[in-house]
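*Asks:* Sequence:
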Amino acid sequence: MESTWGTGHLDSAGQFRRKLSSYYFLPRPNEMIYHHLPENEKWQLLRTPIKMAQYLQMPKLRPLYFDLQMELISPRNQAHVDLLPGKSYALVLLQTPSDVDLIANLRLKGHEIEGGHRIVFDNQKHLYSCYFAPPRTGNYKLTIYAKKVTTNDTTYHDALDLTLDVKQMPLSPISFPRTWKNFRDLGLEVIFPQNTHLIKLSDGVSHTKILIKAPEDVELLGSLKNEQKQEVNGGNQVYYDRQKSIWRCNFAPDRDGLFEALVMAKKKSDPESYTSAVVFKIEARQIPSPPLSYPHTWPLFYELGLKIEAPRHRSNAVWTDNASYAEVLIQAPDDVQLSCNITYNNVKIENGSLAQYNNDKKLWQLLFAPERIGLHELTVYAGRNNDNESSSTSVVQFNLDVNKLQRPMKFPLIYTQFQTKKCQIYTPLDGILKKGSVVPIHCVIPGATDVNLTVDSQWLESEGYRDPILQREITVGSKEVLIYAKYKQKSSYDGLVKYTVQ
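Position 486 of the sequence shown, counting from 1, maps to 1661 under my numbering, and the rest follow consecutively.
For the record, the hints were derived by calculation from the structure and aren't laboratory data.
Under the rule of at most 25 Å between Cα atoms (straight-line distance), these lysine to any residue pairs were calculated in the SDA-like manner:
(1) Lys1284 to Gln1253
(2) Lys1536 to Asp1510
(3) Lys1262 to Leu1247
(4) Lys1523 to Thr1568
(5) Lys1356 to Thr1329
(6) Lys1536 to Ala1507
(7) Lys1663 to Pro1621
(8) Lys1482 to Thr1595
(9) Lys1342 to Gly1313
(10) Lys1579 to Asn1521
(11) Lys1456 to Gly1379
(12) Lys1443 to Pro1390
(13) Lys1375 to Leu1433
(14) Lys1596 to Arg1559
(15) Lys1400 to His1488
(16) Lys1456 to Phe1367
(17) Lys1441 to Thr1472
(18) Lys1384 to Lys1419
Small disclaimer: the values here were computed from a predicted structure and weren't measured.
Taking the hints into account, I'd like the entire structure generated from these sequences.
*Replies:* Now the structure itself:
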């Protein structure tokens, strides 16, 4: 019995910390000898007592090591570990029960080495491979911590210590990114970059990529933070590349400095939020101005094969001082239909957006008209034309910072068939017409058998339409102007566009 040790321990500062440990009230001599050598040999309680020289060559196995039934496979019965032949890292092998989880660190003169360790778990063999990569010569301390995953205790406690004395380094030192338990549990694998925890950007390079393989039922999320732990807006873009079956995690620092590129993960079926999986450091120098940034995207953006043509490499839509609206251009497959809206302080601006298809450029033109100065959110929605569901889903979101607005405007009201038939308005884009004015109408309306207008609910004579172009002039009344189209499959007209009158 060791009642003194059983009631507490000295911390790293030499202060006594009271904590009951039942291990020391019935300790086994053949276990105690790994971390406690009595001065008097008879108190070793061993059949064959050991000497100090032998004790110093033994690994320091803590009580937790025995409590959790861990087994040190390599190195066997020695306190030190060496670099593997021709490698710049050492390897420690540990076998544990399936309900034991490990973490580790590598220290030099009491300071933890960033990127100095990596842990890989073999589920079938219940075998942990613990890699330790020193950055330079020196006498290092390796500590492995453990805990049972089935308990509520979230704290890992030290289980064993080893030493690593590096007198000569190989030519190519390596390091490892920090990983969390769910990185192993979810079966993630970093494909690029390899053998480093630090990514360096310089000479005008604007961004970096991290490639990760993951099972089909796992999804990833990214986050980029600066040295002050502040999130970099538009600093990451994470999506699944279906062609290459790999997750592409792009990160773009907004200035020179040190950043953390974090990848989080969860199972698609898991209702809980994402948790940390792996993190890299980014050292950024000579970042171009303005810096590259990414709009916020949802998985459907990539699943539908969408591509942003403008603005490129920006999370903010472009605004000029004399503008009335901002423009986003997106390329989409023929069977995909887009729509959009603009919000200010989370309130949607009525008739503040217009989604139309540019048949010449084969692009969706998404227009956004703010009502006031300030920061706005521009959201684009998408869905397949052949989907049974009538609603579209968010696919991408931009910011729009308006610092000057000379001519606010409203777009005309657009009906469903306008987007379904991929129509486009050249003029007038302003949805409010002046009473009694003569207005040119110029639109693209593909595939109609006839196109006509009403002014104040009165039909005009059909003229000016030659598939797909409608081009004519009208005299505005006092209430409203509507554009209608008739298609082969219908005997009636469908509403496309509605203008109001002031």
